[in-house]
Amino acid sequence: MSGPTPEDPLSQEIRGLQRPLPGRRLVSWLLFLVALTAFLLLPVGAALFNDDQGGMRDWPLIGAMFGDADRVDAQLLGRRPDPSVKPDFIPRDAQGVFALADLTGYQATPPTLMALDRWWNPGPLAAAHQPWANDCRACHAAPFGRVRDEDCLACHKVLGDHVDFTQVKDARLEVRCASCHRDHKGEFALAAQNKHAVGRDCADCHRDIKASYADTQTENVRDFVDEHPQFRVQVASDAAGKVLQRVRLPANGLLSQPTNLKFPHDVHMSDKGVGSPNGKVVMKCADCHEANGDGIGFRPTTMQDHCQSCHALKMEPTLSNREVPHGPVADVLSTLREFYSFVATTGSVPRGPEPLTRNIVIKRPGEPERAPRSFVSMPGDGKARATAAAIEMFEKTSCVICHEVKRVPGPGKAGTPGRDLPQWEIAAVAPDHAWMPKSTFTHASHSAATCESCHAASKSKEATEVLMPGIDGCRDCHAGTKPVADKIVSDCALCHGFHMPGHTPPQPPAKGYQLLSGRAQR
Amino acid sequence: MTQENVLTLHGFRYFRWSLLLSVAAIVAYLLDDPPVAPYGGTWLGYTLGTVGALIIVWLILFGARKRAYRSNLGSLRGWLSAHIWLGIALLVIGTLHTGFQFGWNIHTIAYILMLLVIFSGIWGVTVYLRNPALLSEMIGGKSLQQHGVVLAELDAESRNLAQKLGPDVQQLIEASARAPIVGGVFGRFAAPASCATANAVTQLQQIGLSGDKAIRNLYAVQVRRQQQLERIRGFLRLKAWTDLWLLIHVPVSIGLLATLTAHIVSVFFYW
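One line per chain: the protein sequences are A and B, in this order.
Sequential numbering of the first sequence, starting at 415, is according to this note's numbering.
Sequential numbering of the second sequence, starting at 8, is according to this note's numbering.
Just so you know, the hints here were simulated from the structure itself, not pulled from any lab data.
For clarity, every value in this text was computed on a predicted model and none was experimentally measured.
C-beta atoms are modelled at their ideal positions from N, C-alpha and C, and glycine is treated no differently.
Errors might be hidden in some of the hints.
[Claimed, not checked] A partial selection of chain B residues facing chain A, derived with a Cβ cut-off under 10 Å: (1) I95; (2) L98; (3) A117; (4) S150; (5) E181; (6) A182; (7) A184.
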């Protein structure tokens with residue numbers, strides 16, 4: 415019997431068939447080389463190469479390794495912040511603002527050659543950082559080094575430190591920007607991180623803050639629900655209102671500040687309505703407190719826009735619509751003087767362009783109701799009639815209704831017609847200021863709630879009463895960091911900022927105020 | 008008790024280790040509360056990444072251990088069992104390392120390559136467990152070589168019978184004997200469009216109707232040759248399709264090694 419010989423094509427084929435499928439080695443090498451070139455060699459090469467200079471001037475260290483040390487030029491030193499500067503001792507200018515390299519330097523950075531390192535991008539940058547999305551080196555300034563704070567602060571110049579590092583040394587505060595802010599997490603991720611991720615570590619120090627900083631005015635805080643002190647509300651300390659203090663709300667929630675204004679919220683917000691030229695009107699909060707468009711605060715309440723339609727400053731309410739201006743005393747007196755001189759010399763009353771409207775009869779508490787008096791036909795000259803009318807308006811029917819009015823010796827402002835009338839002084843109303851400057855609160859986010867659910871305005875009898883809510887109301891909806899059914903998880907950063915000077919909402923104190931941060935009584 | 012196979016080796020020793028590793032990784036992932044979101048750059052992310060990279064390197068070393076026939080470093084069967092189970096544990100560890108953050112970048116490409124390697128491996132394990140004959144490369148208890156001997160014997164017998172017949176028949180038989188079994192790499196994956204032996208069988212059947220005994224004998228031998236061929240081809244097709252997993256598993260794992268290197272270098276290059 416004859417078996418297949420070695421030359422036999424059949425045995426040759428069978429021997430071939432017993433070998434595994436070909437191509438494994440070839441495909442392996444191909445994949446290895448393609449992956450290594452595309453994903454490692456080209457990106458690294460491109461990152462080290464600057465096509466405009468043909469050198470490694472961005473990275474002196476690498477440049478030196480490649481014999482390129484001479485190319486470390488003045489342009490580089492001018493553009494990049496000094497790497498020897500430690501992140502926690504960043505130089506500042508006189509205003510306390512970080513004084514670092516100009517933003518325009520970064521815009522001049524050439525992107526990596528053909529953006530070959532784009533394969534490395536682990537995820538989309540925050541929307542505000544996307545102009546640098548193809549320029550990894552704008553933030554990753556040195557190879558195999560972490561992102562440096564200097565490179566963040568080159569643009570973010572106006573951030574303030576959490577505490578004054580010239581006063582306080584605490585290793586826990588010497589964190590990098592990137593310890594809290596992690597980019598490459600999506601277009602809107604940094605904003606979300608600022609609200610929820612940042613601030614999770616606050617309690618590390620703040621749970622026993624006095625152990626770290628004995629002088630602090632801050633109470634211990636662990637969690638919004640479990641351990642957070644009652645709010646401190648910023649109030650003006652006296653009627654002159656030159657000094658602002660943050661005062662902790664007392665247990666009964668009642669806090670007052672001098673305002674030099676008489677305004678009973680309860681009268682105006684009565685559900686039976688309040689008198690107006692058109693009869694009783696039920697007022698809404700927004701009639702006077704109009705949202706200012708930033709979602710946070712309100713436009714200033716003014717006499718002209720919010721009061722005067724009812725509280726008209728009529729000189730002769732039964733005969734004329736003519737009003738005195740809501741302004742300096744001299745302007746009011748001069749208007750009265752001119753009006754009654756005209757009446758005295760011509761015997762006629764200027765009525766004003768509109769038909770006569772009904773006047774609101776104003777009755778001060780304890781006084782009997784009476785009809786408005788007229789001085790048109792009283793005996794005497796214009797000065798005598800203007801004097802009587804001024805006394806009536808200043809002391810009985812108009813100014814005194816809302817203001818602190820005090821008679822002062824004359825004469826009045828030189829060169830004004832009302833100079834020879836009796837004179838008054840009206841105490842300046844305390845200007846607006848932020849109530850809770852250490853936190854952010856957007857009214858727009860809370861528009862589903864009624865104003866009254868936080869501000870007990872309808873029971874407030876005096877303008878001096880501060881109607882800021884305490885923490886208990888917030889806790890009806892806001893949980894702490896731990897999730898609670900039907901409540902909102904609220905990390906510290908939901909309301910508080912970390913970088914101190916920049917974190918207040920855009921409500922700077924009015925001119926003439928002096929901030930007395932953290933020196934409030936407790 | 009059923010016979011121990013590569014998965015159940017040593018009473019599921021490597022399965023138990025891999026399960027422990029996977030469960031530990033899952034528990035750590037669930038307990039971990041990273042500041043922003045889970046991803047490869049947290050402490051747990053770095054840990055899982057390091058463990059995963061070490062596992063990948065060790066799994067690739069299996070290719071070297073397989074060729075080191077003289078190695079005493081554990082049995083090859085043990086290495087394979089551990090290779091399979093650690094590879095499946097890598098699926099858990101690698102996935103948790105990503106923190107489920109994916110994108111069009113080399114990090115996700117590396118993850119996809121890893122999945123390709125793991126799933127092609129699972130495919131390979133499955134086909135070998137379902138067709139144990141493929142491992143021994145035996146058809147009906149005989150080796151491919153032995154089947155080749157049978158073919159050669161049938162050809163010798165056919166040539167003998169054909170000597171008494173005309174040159175037309177001799178040509179048919181010669182073509183049948185000389186045609187390759189599959190012919191080329193692609194022939195291993197699909198049945199051939201034409202087959203010289205099948206052609207000879209058809210022709211002999213038509214000629215054989217005239218009643219010549221020699222033709223009928225030759226016809227019978229060629230039919231046996233055709234059956235034998237089809238048995239071999241069927242086996243080769245099954246083997247080619249099952250071996251295809253290795254054509255993915257091995258090259259992609261080498262590509263993964265390069266991509267993994269780029270992944271690790273890149274994340275620290277732009278730290």
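A quick look at each hint next to the structure:
{"no.": "1", "hint": "I95", "result": "violated, 23 Å"}
{"no.": "2", "hint": "L98", "result": "violated, 21 Å"}
{"no.": "3", "hint": "A117", "result": "holds, 8 Å"}
{"no.": "4", "hint": "S150", "result": "holds, 9 Å"}
{"no.": "5", "hint": "E181", "result": "violated, 12 Å"}
{"no.": "6", "hint": "A182", "result": "violated, 13 Å"}
{"no.": "7", "hint": "A184", "result": "holds, 8 Å"}
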